[in-house]
Amino acid sequence: MTRLADPIEMEVLSNQLLAIAEDMGSILIRSSFSSNIKERRDCSTALFDAAGRLIAQADHIPIHLGAMIGAVETILARYDLADMAPGDAFVCNDPYLAGGSHLPDISIITPVHHEGRVRYFCGNIAHHADVGGRTPGSTSGTSRSIFEEGIRLPVIRIARGGEIDEDLIDLITANCRDPEERALDLRTQIGANRRGARMLLDLTERAGSETLGRAINDLLTYTRRRLASRIAALPDGAYTFRRDLDDDGYGGDTVPIVCTARVDGETLVLDFTGSGPEARGAVNLPDSALKASVYYSVKAVLDPALLPNQGMIDPIRIVSEPGTIVDPRPPAAVAARAVTSNRLCGAVFGALYQALPPQEGMASCNDSTSATSVSGWHPRRRTTYVYPESMGGGAGAFADRDGQDAVHVHTVNSTNLPIEALELEYPLLMDEYALVPDSAGAGTHRGGLGMARQIRFLEDGTVFSARSDAHIVPAPGVAGGLPSGVTRIVRNPGPDGEELHSKASGLVMKAGETVRVETLGGGGYGPPAGRPLPLLARDLREGKVTRAAAERDYGAAMVASALALDLG
Amino acid sequence: MIRIGVDVGGTFTDFVLAGADEATLHFHKTPSTPHDPSEAIETGLRHLLEAHGVDAAEVAYVGHGTTVATNIVIERRGARTGLITTRGFRDVLELGRQARPSIYDYRVERAPPLVPRDRRVEVDERVGPDGTVLVPLDEASLATAVAALKAAGVEAVAILFLHSYRMGAHEEAARRAVEAAMPGVFVSASAEILPEFREYERVSTTVVNAFVGPRMQRYLDRLKGRIAAIGIPVEPYTIHSNGGLMTAEAVAIAPVRTCVSGPAAGVVGAAEVCRLAGFPNLVTFDVGGTSTDVSLVKDGVPAYTGDRMVAGYPVKTPMIDIAVIGAGGGSIAMVDDAGALKVGPQSAGATPGPAAYGNGGTEATITDANLVLGRLAPATLLGGRMTLDAEAARRAVMDNVATPLGLSLEEAAHGIIRIANANMSRAIRSVSVERGYDLAEFSLCAYGGAGPVHAAEVAMQCHLPQVVIPREPGTLCARGMLLTDLSTDTVRSHFADADEASWQTILALFAEMTAEGGAWLDRDNVASADRSFRRVADARHRGQNFELKVDCDGLGPADFAAFVERFHEAHRREYGYAIAGRGIEFVSCRVQAIGAVARAPQAEIAGGPSLEAAITGRRPIYVDAAAGWQEATVYRREALPIGVPVAGVAVIDEMSSTTLVLPGQTATLDRYGNLIVRIK
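Chains as they are written, first to last, in my numbering: chain A, 1 to 568; chain B, 569 to 1248.
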């Protein structure tokens, strides 16, 4: 193994580069107005070199991993470095025109000059609460084209020589539902990059341009080498795994997501050939979100501590067929890409785990996120409101432990709105928030449990919409483990309950009606017969598995032994 | 009047004894006794009194910082606890906020709930967000729930009913039912522990409180017994997470408030020592064996935070905002399989400890690197009570770092230190620069055993103009116990659009809470002249989900406009801008009641006659690649004269620590005995 030029300088300076990205992130989070950015941290910040190589990223949400690479590439393709002046900044969001993820994610990219030349770019991407379009929040699952999803921004200058283009800010915010909030957040994004640029120049002065350049090269080499050695440790071959979406947003057949991982020495090809056709609804996965999902999955499965920079991207090649759900053509709708992203991560995990020793694998997670939206009239505030929520489910079981109960998986990791905050804010009441017994796949180790959230509407005319999935397709088990249950959304649960479609949209509720969402758990690992009795006994004692389900999955004899164990 | 401060750490229990003039300070360390921390406290107190000829009856004050509550949580050795909740919500404790703890690593799990599902029971009752009863408390279901917990043999019970911060009667009824059915069981109701909205954080805090309650009570009883047995006529105070003192009775009700007791004492100690020394703006820098604690002090007041994770469980009590990173003397340096040198967070701990401890450790640690570079000497720890094996340190650095990277021994050791310093610097920036402060206006206050040896380089990296090193920095947390006051915090959630009318309600709540705080101070016999109250409102713009703390001291019924102005000012300071037209909401109000503890002002010290008289020797020290090895003068801190600068390269030794002064820097003892290092 060739040595790095200076491993100590690399460690010291890479630390400081990451600190700059993190500083930019904390400024963005601190100074933004909207809860999406501030409380849910749905934003990321990054540094690039003049060639567009990702140097460092502070990612708070994995669907942003590498998400600004496309924007920087587009800028470099469209503009000469020589034409960029200090104080310029670019804005973009479009998945087809500017490497965007979906329209609410707006990126600001700022060139950083040193000694008269562009040396670096500072970038940040943030999820704005609304960018216009047909539906409040701009993330409807049922839009049929990107033109319904909000304002489209190709790469354009939003600041020139340090002056923000107020006309452009007016144009953008005029197309959004809360212009004041949007303008504040855009200015904050521009400001965060300026701050990053200053810190980067300061570091360049302190360390010396050459030393810093050498440390960056070392950092990318180190990361590439580290991932390459993880890949090289896998046996060469092709490993295929398939996960299905319930439908494409408009009912009909299940839609396959197929991932074939081809390992050849130190390179890894992830091929999605065989995946289903472009969706009619908004669950298409545009290029930038596909890449982010793949980078996330590789990092999670092979090396969770891998640093997010160009070095982790270089050894990975992605293959997809144009016109499929993972490679949509304009103007296919993409606003609800998160549903597909999560399922695709499940496919990549499943493929990669086959290349690892079985004891390192994990059964499938829920690979889904059930988003709901409730809107209506707020009598006290005398205004309309929108309450968005997204629910996770169970994670997959490992060879040596049960899967985690009730968590978000893969590219989503947002927090819930507390019940008391919900009830203080909206004319809604929560009837139950609980784990769902028997929702996980049984096994030597069981999957994690899904969760239930049951909401009562207090005002007539409240509108409920869902953007869910996995109502038909469960999370499979592995190595003899059983599959999980599925997600259900029920209107007025009880004898007269009505089970709703996963993409039920615009249902108008009367006061007193309720909707219950129960999400699926994770898949099990290993045959149920191998489950240690104390764990089965604990599940029965805690009511996480009912006796009936346990007798079905583990057999009456095992259940009797487990219960006897608990008494003794 | 003799006053004693005690800080119980994982390895050592530290003591500071202050004489009547507060200038005579005696420092002492004794090995901790984790099976019963009060044992080491008794041993140390007896030693101190005997060694300095003090009559136990003269001791007027004992303040102590303890990790007992934290350790109970970390080791999950607390009481068998049950939880009673509103019907439909027993799983709130386990669901948390549904985010997973590590984005990329699925083997990192959330800490398991301290109350398992079969000991979480539900009761029919429901209160709405405005405090109205939607479902009356059903006595029969309450009786069933209590009977189930009794049958499960619980020793402690936590109670969480939704919106109990608005209407606590149902929780109180449940408490009475538990106490009637299970006399002697420790009960915590959520509205009593944390009357604030957001049910998960409230129940988590309440459950932690119940879980640690019984053992904490037994510990305090033992401690009181031992102190009385020595003949000390006063009961010990405990410092809680916000840096104030609580009586043993108050701790017994709300032990959760002591979860970051020890580190908080260090910060209040640093703030007070440095304020007097003329440095009101600080970054505190406490480097111990396994971690470094960093916090910010502005105008003499520490930064506070409302919540923090304790061993993976959210605990929401007012506490000093301390950032912790896994870099301390015992942090291990290793070369990974792709050729990078990483330092920490793995630590060799107290056993085996660094290779230089000679207890079988073979891995290279930060302490070993400092020894290789001559920055620590083989016989300087604890005044020579502990010796280090320099040869073992050299071997560890050579084998684990220098050889694999093809570096010289010095380059490797200095590389370890540079990386550790870079990690520490990043923590410093995270509490300061990232929150909008300019470090040029701050000083670094270095303490903990290993802080002063790293401070000079870290201050240079962060552009901090000077370093303040208090006397015996290894025991500053114990000294902090002597420099703080009694305090308690109360909070009430109250939601309202901010206007003239709701402002009057807020003021009425302040008055009510001030009366409560006053009653608390009555119980501790605090004279009215020694009392003060701080009032803060949590407020936000409509449409936001995060609150700003707005100082309401000095505002009366006619001052609503002034409140609005203060809100905008706070918004500007915190976020960089203000939005004049947008509506404001009240969310919570808080009152802190403070009772000043009688103490003499810090007094000046005499100091030694001359620098020459303080010199104990010379030794070569490795500065950096450019300056190489240089001959450093070694001084004994107790013998330094006041106001005479020591020029670098120099090393200043004392019982609990070693200070490094680099070329171009000077270190000067001020009249209170603090060492001030001027950075270039």
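Since the hints were derived computationally from the structure, they do not count as laboratory data.
Worth double-checking, as some hints may not be accurate.
Interface residues of chain B toward chain A, partial, derived using beta-carbon atoms under 7 Å [stated by the list, open to error]:
1) Ala667
2) Pro697
3) Ala908
4) Leu977
5) Ile987
6) Ala990
7) Arg994
8) Val999
9) Glu1002
10) Tyr1005
11) Asn1113
12) Tyr1143
Positions of the beta carbon are idealized from the N, C-alpha and C atoms, including for glycine.
Evaluation of the provided hints:
Below 7 Å, beta-carbon pairs count as interface contacts, and Ala667 (chain B) has one with chain A at about 5 Å; its hint therefore holds. Taking 7 Å as the C-beta contact cut-off toward chain A, the hint placing Pro697 (chain B) at the interface holds, the least distance being around 4 Å. With a least beta-carbon distance of about 5 Å to chain A, the hint placing Ala908 (chain B) at the interface is held under the 7 Å criterion. Interface hint at Leu977 (chain B): violated, since its Cβ lies 14 Å from the closest Cβ of chain A, which is beyond the 7 Å cut-off.
A distance limit of 7 Å between C-beta atoms decides the matter here; for Ile987 (chain B) the minimum to chain A is near 5 Å, and the interface restraint holds. For the restraint placing Ala990 (chain B) at the interface with chain A, the shortest Cβ-Cβ distance is roughly 5 Å, inside the 7 Å limit, so the hint holds. Satisfaction of the interface hint for Arg994 (chain B) is found here, the shortest Cβ-Cβ separation to chain A being roughly 5 Å, below the 7 Å cut-off. Checking Val999 (chain B) against chain A: minimum C-beta separation of about 11 Å lies over 7 Å; hint violated.
Evaluation of the Glu1002 (chain B) hint against chain A yields a held restraint, the C-beta minimum of about 4 Å falling below 7 Å. About 12 Å separates the beta-carbon of Tyr1005 (chain B) from the nearest beta-carbon of chain A, more than 7 Å, and the hint is not met. Checking Asn1113 (chain B) against chain A: minimum C-beta separation of about 4 Å stays under 7 Å; hint holds. Proximity of Tyr1143 (chain B) to chain A holds as hinted, the smallest CB-CB distance being about 5 Å (cut-off 7 Å).
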